[in-house]
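Protein sequence lines correspond, in order, to chains D and F. Just so you know, the first sequence maps onto residues 613 to 726 in my numbering. Just so you know, the second sequence maps onto residues 3 to 115 in my numbering.
Any given hint could turn out to be false.
In silico BS3-like pairs for lysine-lysine, Cα to Cα no more than 30 Å straight-line [to be verified]: (1) D:Lys650 <-> F:Lys71; (2) F:Lys44 <-> F:Lys81; (3) F:Lys44 <-> D:Lys634.
No wet-lab data here; the hints were simulated from the structure.
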Amino acid sequence: DTEVTQTPKHLVMGMTNKKSLKCEQHMGHRAMYWYKQKAKKPPELMFVYSYEKLSINESVPSRFSPECPNSSLLNLHLHALQPEDSALYLCASSQVRGQGSPLHFGNGTRLTVT
Amino acid sequence: EDQVTQSPEALRLQEGESSSLNCSYTVSGLRGLFWYRQDPGKGPEFLFTLYSAGEEKEKERLKATLTKKESFLHITAPKPEDSATYLCAVQGDSGGGADGLTFGKGTHLIIQP
Chain D
613 DTEVTQTPKH LVMGMTNKKS LKCEQHMGHR AMYWYKQKAK KPPELMFVYS
663 YEKLSINESV PSRFSPECPN SSLLNLHLHA LQPEDSALYL CASSQVRGQG
713 SPLHFGNGTR LTVT
Chain F
3 EDQVTQSPEA LRLQEGESSS LNCSYTVSGL RGLFWYRQDP GKGPEFLFTL
53 YSAGEEKEKE RLKATLTKKE SFLHITAPKP EDSATYLCAV QGDSGGGADG
103 LTFGKGTHLI IQP
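Only chain D is shown next, with the shape it has when bound in the complex:
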């Protein structure tokens, strides 16, 4: 079992809905990440938090809004999404940002936008 827990496992939402994805880790890691993965493609980095501060925003559309309430929790708020945003959204954590620290992934939220 993964030590990074993501909820919900599946989410279907309309283009006018607002929803949130949640992620939790209890490994004491101080860096947390959101990745997006389309079918048969590798994960793509969306956001990085280091010590609860947003370090990198990879020019992701503003309809995706990350939040890091504390060192164990990470949220991704979704609003006015498009059908092409349907994908597997992965949360990951690492001991620290960079420095060769491996990322540990959750099992993702499968998002479908209708």
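Guided by the hints, dock chain F onto chain D, whose structure is given.
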């Protein structure tokens, strides 16, 4: 810009037939090369980190090696449960979102009984 190329894209083996997966990379200042296993509908599962040329890591039937330009994931006497997509990723000084990972497209491995 960091780049990772994995080959082959897909590989079908008989149970017990050993083989190797290749990961070629270019990176500015390698901080780490990572191997992951991903099952359908699941997140990537961390396998190994390699930091410098000549380093080797082993876990059960898997062995990862690293040179200055590529890494190999050797699979010895595989079993059907080893079927998965294997992802290679690098972290460099300036690529991958500056501390995220740059992934290859993966090798889809099928082990037939």
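Okay, the hints, checked on the actual structure:
no. : hint                 : in the structure
1   : D:Lys650 <-> F:Lys71 : holds, 28 Å
2   : F:Lys44 <-> F:Lys81  : holds, 20 Å
3   : F:Lys44 <-> D:Lys634 : holds, 16 Å
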